[in-house]
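S.K.: Sequence:
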Amino acid sequence: MPTPIVTDEMIETFRRDGVVFIPGLFADHVETLRAGVERNIAEPGPYASNNEKAGQTGRFFDDYCNWQRIPEFRQVIETSPAADVAAALMQSATVQMFHDHVLVKEPGTSMATPWHQDGPYYFVEGRQTISFWSPLDPVREATLRCVAGSHRWEKEVLPTRWVSEEGFFPDEGQYMPVPDPEADGMVIVEYEMEPGDAVAFDFRTLHGARGNTSSSRRRAFSLRLVGDDARYVERPGRTSPPFPGHAMVSGQRLREDWFPVLKTG
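Residues -11 to 253, numbered by the numbering used here, are exactly what the sequence shown covers, in order.
Misleading hints may appear alongside valid ones.
Label-pair restraints from in silico Cβ distances [to be verified]:
| # | residue 1 | residue 2 | range |
| --- | --- | --- | --- |
| 1 | TYR35 | ALA235 | 31 to 41 angstroms |
| 2 | GLY253 | GLN63 | 22 to 32 angstroms |
| 3 | THR201 | ILE29 | 16 to 26 angstroms |
| 4 | SER238 | THR201 | 24 to 34 angstroms |
Hints in this document: simulated from the structure, not taken from any laboratory.
From the three backbone atoms N, C-alpha and C, an ideal C-beta is built for every residue, glycine too.
Whenever a hint applies, use it, and build me the whole structure from the sequences.
M.R.: As structure tokens, then:
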């Protein structure tokens, strides 16, 4: 399958709304990603979680930062058109790897993915950031949901722990509480998706997903990338992912031996 065509309209939608739909981005890589997800579940990394919460049913497995040890993920990152599409949407000459993330909701999983922005959890800031969320199964109700325009909010949303719902950092007024987009009448963008389709969204875009009440699995692969203006930033506490021992300082580009450049102009 050729590289998906990124139109001017898609670039403008991403700039305006912080989210855009990319049909078939990983269509040629679905089976490879499925194999990688199964390997990830069988051999979880140090950050893996089943998100066990009292009163919830099913299993919600997630894990991240495994691309260097799971060959299927590395292959897709290096051979898929994701970096080219990211460069076009971000309007960036360079595209740099940040991390991968697997999210699997087994049939009957009641736990929702809480509303959150990715950016406040991370130690990177910039206007040129992008996440790709791609289901490896057809999704209807358990699809990704994004709040259009939330990447332009003046304050970031307080990052919280998904199970305990506690704040990830001390809140000293720099964050806003997690909103209720439906109750607040916000514009929520969501798509019925086929395996290999992708949603591209800014790190600052508020997003979440319902539980999986269907009788089939909902496997998703996410890829987080950054562009020209992304820089390391200090947070009020331990970030997620933490990347211990990175030795970077505020204002520095992410070190390329840990976060390799996937595309350069």
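S.K.: Are there hints from earlier that the structure breaks, and if so, what are their numbers?
M.R.: Hints 1, 4 are the ones this structure does not satisfy, whereas the remaining hints hold.
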